[in-house]
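Same order as they appear, the protein sequences are chains A and B.
Note that this note's numbering has the first sequence beginning at 1, numbered continuously upward.
Note that this note's numbering has the second sequence beginning at 1, numbered continuously upward.
One or more of the hints may lead you astray.
[Claimed, not checked] To give an idea of the chain B side of the interface with chain A (calculated C-beta under 8 Å), a few residues:
| hint | residue |
| --- | --- |
| 1 | 79 |
| 2 | 101 |
| 3 | 103 |
| 4 | 127 |
| 5 | 149 |
| 6 | 157 |
| 7 | 184 |
| 8 | 186 |
| 9 | 209 |
| 10 | 247 |
| 11 | 259 |
[As the list claims (entries may be wrong)] Derived CB-CB ranges, DEER-like:
| hint | chain 1 | residue 1 | chain 2 | residue 2 | range |
| --- | --- | --- | --- | --- | --- |
| 12 | B | 58 | A | 529 | 32 to 40 Å |
| 13 | B | 58 | A | 405 | 17 to 25 Å |
| 14 | A | 360 | B | 118 | 45 to 53 Å |
| 15 | A | 376 | B | 275 | 49 to 57 Å |
| 16 | A | 62 | B | 275 | 46 to 54 Å |
| 17 | A | 573 | B | 34 | 46 to 54 Å |
Quick caveat, the hints were computed from the structure, so don't treat them as lab data.
Note that the structure is a prediction, hence the values are computed from the model and not measured.
Every residue, glycine too, gets a C-beta built ideally from N, C-alpha and C.
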Amino acid sequence: MFGTVRARIILIAVLLLLCGWALLPKEGPTGERESPLKLGLDLQGGMHLAVEIDDPDGTLDAAAKADAIDRTLTTIRNRIDEFGVREPTIQRVGDARIVVELAGIDDPERAKSIVERTAFLEFKIVRGGEEFRRALPRIDRIIVREIGAENLEVVPILEPETPTGLQELLQGADSAAAEPGAADAGADTTTSGTGTDTAATGAGTDTAATGAGTDTTTGGEEEQELRPLTALLLESGQVGQFLVREQDIPTVERYLALEAVTDAIPRGAELKWGVEPIAGGADSYRTLFVLEDEPLLTGEDLADAGPAARDPTFNQPYVPFETTRRGARKFERGTSRHVGDLMAIVLDNKVQSAPVIRQTLGRRAQIEMGTGSSLQEAQDLALVLRAGALPQPIRIVEERSVGPSLGADSVRQGKMAFAIGIILVLLLMVAYYRVAGVMAVIALSFYVVLLLGGLAGLGATLTLPGIAGIILSIGMAVDANVLIFERIREELEAGKTPRTAVDTGFEAALSAIVDANLTTLITAIILFQFGTGPVRGFAVTLVIGILASFFTAIFVTRTLFMIYLDRRAAGAPIKI
Amino acid sequence: MRLFKDAKYPFMAGRRRAYIASAVLIGLGIASIVLHGGLKYGVDFTGGTLVQVEFNEQVDAANLRSVVEEAGFAGAAIQGFGGDREYLVRLQTFEEVAGQGEVERMLAAISAAFGEDGYTVLRVEAVGPKVGSELQRKAVLAILMSFVLTLIYLAFRFEWRFGVAAVVATIHDILITFGFISLVGIEITLGTVAAILTIVGYSLNDTIVVFDRIRENLRKKRKEPYETTLNRSINETLPRTVLTSGTTLVTLMALFLFGGSVIRPFAMVLILGVVIGTYSSIFVASPALLEIEEYGRRRAKAQRAHAAEA
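The shape of chain B in the complex, shown without the other chains (with noise of 0.2 Å):
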């Protein structure tokens, strides 16, 4: 079988287009992330209490609700979980004073109303709003860090332009990822930041395979208008491209459909990150490699002019 032999498709004619495309879509994630008053943190980050119970009979919401309230979590947020008989039971705060923390003043007063047996804890994440802030702090490091750091890899390996169109397309990803997730009303949490750097990570590789073969392209042809040789490369690693993106969706939809609901968040954000690290190696940062490259042919042609008036 063979997917995309010879394909000519003219990618870079039909860039702007892309980038308006882009556009929209970055716009949308920005209006949805405003119109959301920011984006959604989950304890990780903002420290808060989170329990998640199952209770052996059906439990109305209103119920649980006024049992929580009555303990005096007024500001708890009650969230069901696929059925009347498991909740998600999120607070603001957490506190701990040895023995009189929120974990157990809510576990006592869920066992009061409903039984010390009628239910099970699930799942408990209560964070300090101290640990939320370092683990917040060392978020944005890692993001930050992994981003430099590849940079620098990018420049050794390649020319510093392709590490431009490389952060270029990079940010693009990062940016449309972060309006997905306000969009769909995902939580930021340590799991969706790790979903995040793969995505730079993915992206960055799907980059990398076009860019290398502009490389070796550039090389062997040097007669040849930058624009084409873009192009043909492209087109060149389009089979890889779409095969690879392809198994790895694959794989992505396996985890989302049958990984579970802890999963299913984390699945689904790489499988965004996977289609848009896709397009962006593709309109984003080969496009970008040939602005930068026009952008300096202008400058220079501009300076030749200008030494020859004087």
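Next up, chain A with everything else stripped away, as it sits in the complex (with noise of 0.2 Å):
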């Protein structure tokens, strides 16, 4: 079909032109022409992120979980989208693994925390503490009981003068709580002063005024008594709220994370940790919140949220929202009863700020963001409420991330290496085999488009390793045409003429090229199976390698040694 030059010559020019046009800078999605070649995330810096849905308890079922990963991909997705990121390659791999591929991202930590967050909103009234505190006897007996008292850690008791201390830290707390809550800008805002109401101060101080006086005055017989708990939580002045030193909150989580405790917390409370630290003297705080575990809304009643902004007064930025008809209802409802009380805004656990509910809210509020957030995390929080929530938390099992300055290094560092070993190999192909050397070159460089308008039309990703496999892949080319040129000569001492000699030598050295491309090829493809990311770059540059190098040495090389054979002077020899 090929036999003759002409026909063989079409074919490779067709193959030339196909290979061009793919090489051929395209109009991406955004009108900008951009390079043909999709460069991995390790070139061009970006980051890859593989999530799992989190349920370390294993309390879902399949179908759940099915489910849930479906809704998870959507939710990714939507954001995503919002977050504007060229190309993002958003998969499900498996049964429970989502991989999000964002190329060419300035600020990886951001874009994680877009994915990742829950988003799980949820407005709850705040608690008056006092059934808690009443509980707190009992739970602290039962941390006793769990842990057992040897296991516990020994609590410094409060010194006297904490009262005095705790005053001065409520005034911290207070200026740093109340900026929130002030902004009241809005004409229908969630917003007040964060209990600014003496009665809950008095109680308050009150309150740990016993509980510090109880361990003071016991000091000396602590067996007597132990006070795990209660000995960590500082009365805050304000209601529903203790404080508790950052240090000890790993070990309070530890004693509430026991189930006889979570038992013991009156019916229909919860607590939920404060999201802001606050600083109170030497030591840093968070609060821990009495909540009502029925939330009176949740980001489900949503119907749009943003656009983020700062208000001018307080510096501080919210995020307007607006529920939809039924959340409306709902709301109002919920607030009418509550005026007065402090509403917390608890984002994925965490409570965001608990104002005043002045008056009863319905369609259009806002949430308050602590005062050390940027308007950047305001807008990043209106974006993932209009996206939705993700049905279940999320953990991401793997992370890779590369900056655009490192990719960029390896990008030219790969071109220069690619480019200086691509000239010594012809340069050494040349001086060795002379005339079938400069065919060497000119096949060679056939194949160097061949595999690059490959990797283009199959819309295959160019990483590092793949330009290793490039790089191995030109050497079985050379290895091919080497194996040839061997045979030629061989056949040419034992006296065949030129002709011969050339069609015995491809023909002899066939099977071997065969064999070594074909082992090679599977290696290459298991290792497409069974890799990920880089490896897989590597895995497809090598297959299409290995098939453009087997092609060019076959089919190329012969065609040019058709050509040498007609022009030669008859009876001429051929200079190999």
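Two independent chains are provided; combine them into the complex using the hints.
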């Protein structure tokens, strides 16, 4: 079929044109011209994330998990669409995993937080806390029983001067917490000063005195009355809020995680941490809120959120939102019963702020962010609220990111190594085989075009190991040529005519070339099957490279030889 | 130009010396692995966190260490990366709880100490233990699968003896490569596994070219002693072996010297692999073929003697 030189040249020309077309810059979806070669995350910078549904206790059955994965995939897609990344890859891998690949992003940590955030929003009333306070002695006894007195960390007993210290702290906490609350500029906001309620402060200080006082009086006989939890909770002076030193948080969390303790917490109440640290003297504190466990409203009732803005008076970012009709009715009902109470805005199980409900709230309200938040964080919150919450918290099981600068370095160095390597090989070939060497050079140039065209045409991604794969397959392309040329030399030495020597040379070398290429192809295909990310890129370039090298060595070099043999003066020796 | 024209080196006669050399290399490698307490696996397989940062100004390693340790990462390994501006911080753990993972906490600590804009994150690799063990399983499976499939292919294309000899040579190469990896202190990552598989492919490629010639010569000269045929085949393919290995080494050297820090270990393993693969196709694969043949012949003789006795 391709017996004649003309037919062969036509086929080669067609292939060259196809590759050239595949390598032409294309109009991207954004309208700008893009390089036809897709670069991997390791080359252009970017992030690879693998996430799974977080289900540490195994409470979800298979169907629930599959459903959660589907919904998570949709939500992450929506979020990334809103975030605006060019050509993101968001796909399910296996049954339980979602892989997100974002190329060329500047701030991987921010993108990551947008992906992984559950964005589960709840509005909950802050309880008076009296009930919980009454339950505390019992909880303390349970902790002692469960963990054992000897295993309890020795807690330094509060010094008598604590009340003064607390007073100072309260001032600090007040001013810190008052800012978010006081931002009441919006028409229908949820805000007001946070618990400057004097009655509450009075009660709080009182109880703190009793709580701490008991310990002080029984100072010498701790064993008699161990109060592992109470000792770590400081009264904040605000309704339903305690303060815990940052370094004590893990201990408190450990206590609260005990099953018997969970059971002892008053019915209908739950404990949640505040998101913002509060500075008080040398220590930093975190608020522990006592909340109603039934939310007034959740993120599902939201119709829209944003645009985020910054409060001009208090320089604090907020996210306005709008509820659905049903949500508005729920919100009205809930807030009308609790005017004057504090309402905690709970995002992903952390209390963002807890403003006072001044009046019944309806369709529009806004979420006040903590004082330390940036406008960008508020914008990101609006984004995830619009895109919807994840059905279940997710867990990142793999994260890889490469900064754009490292990627650019790698590309530059890879190109350089590629160029130097190939030029040296070409020089070697020409020096060693002369005219045949020039043919090999032409064939290898064709190989490079075919390889790059193949990569672009198949939409394969070029990774760093992929460049190594290319170099390896160049080695194999050279090897095929060497095998053929050596064989032709042997045949010529055996006294055959040039034409016969070339024919025999190609035929005899074929079996070794086929076997060598096929075994490597097997390895490459297996690598593709089992590999992830970069290794897969290596396998893809290797497969395309092997096919291209096989074709160029067997077909292109042969055609060049045919032309050479035809043009040579009759009977003249061939230069090989 | 013509190298090794009409070469007639007695490769087969010197095979016992080659056995000793191989045994020493493999022994050294195993000793290195044992002395290092096993191979060094990267975060890909063990799970863990790796953060590579570049500071705008010089930062003392001890300073960075104290910052990282104060953030609660006592077991962190800190490795300088050419100069006092680029560092690799490595943790044994990666347990991601939404928004509270190691990466965030570490970057927060670094930001607090050196300023938000005082550094650039070049690279993050964080792999959970589950993914790590999955990748490990996949890598082992990939190596085994490629092994088995190439063997089946060789058994189909050649005789079984060739297949066995090729496997002996390949195992030889893998053992020496692992020894080298341990000796130089390269970590086993996904990239290293790809490199090892490439070496397997390359070594097989080399072996196949020699075997192809042996197969051909065996058909042509049936009377010739087996050893002579093997030796002649190796010598006949010697120019090709040297030229191909040479050109591949040239490209790999370019990769090693100019390819950058990320790809350098990869290139280094491949360079060793090409050298070992070339050596083994001459000094291991073909001798193995000869030993198998002679073993078969001795057994046949013994059986004949046994039959004659009976």
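Structure-based check of each hint:
Against a cut-off of 8 Å between C-beta atoms, the interface hint on residue 79 (chain B) is violated, since the closest Cβ of chain A lies about 16 Å away. About 7 Å separates the beta-carbon of residue 101 (chain B) from the nearest beta-carbon of chain A, less than 8 Å, and the hint is met. The beta carbon of residue 103 (chain B) is positioned within 8 Å of a beta carbon in chain A (closest approach about 7 Å), and the interface hint is therefore held. With 8 Å as the threshold, the beta carbon of residue 127 (chain B) comes within range of chain A, its nearest partner Cβ sitting at about 5 Å, so the hint holds.
For residue 149 (chain B), the interface hint holds, since its Cβ comes within 8 Å of a Cβ in chain A; the closest pair sits about 5 Å apart. Contact between residue 157 (chain B) and chain A, as hinted, is supported at the beta carbon level, the nearest pair being about 6 Å apart and thus within 8 Å. Nearest Cβ of chain A to the Cβ of residue 184 (chain B): about 18 Å, over the 8 Å cut. The hint is violated. With a cut of 8 Å, the hint placing residue 186 (chain B) at the interface with chain A is violated, because the nearest CB-to-CB distance is about 15 Å.
Evaluation of the residue 209 (chain B) hint against chain A yields a held restraint, the C-beta minimum of about 5 Å falling below 8 Å. At about 5 Å, the closest approach between the beta carbon of residue 247 (chain B) and any beta carbon in chain A falls short of 8 Å, and the interface hint on this residue holds. About 4 Å separates the beta-carbon of residue 259 (chain B) from the nearest beta-carbon of chain A, less than 8 Å, and the hint is met. Taken as a hint, the range 32 to 40 Å is violated for the pair residue 58 (chain B) and residue 529 (chain A), whose Cβ atoms sit roughly 46 Å apart.
In this structure the hint that residue 58 (chain B) and residue 405 (chain A) lie 17 to 25 Å apart at CB holds, the actual value being about 18 Å. In this structure the hint that residue 360 (chain A) and residue 118 (chain B) lie 45 to 53 Å apart at CB holds, the actual value being about 49 Å. Checking the proposed 49 to 57 Å range against residue 376 (chain A) and residue 275 (chain B) shows it holds: the Cβ atoms sit about 54 Å from each other. For residue 62 (chain A) and residue 275 (chain B), the hinted distance range of 46 to 54 Å is satisfied, since their beta carbons lie about 51 Å from each other.
Between residue 573 (chain A) and residue 34 (chain B) the Cβ separation comes to about 59 Å, which falls outside the hinted range of 46 to 54 Å.
Against the hints set out earlier in the document, violations occur for numbers 1, 7, 8, 12, 17.
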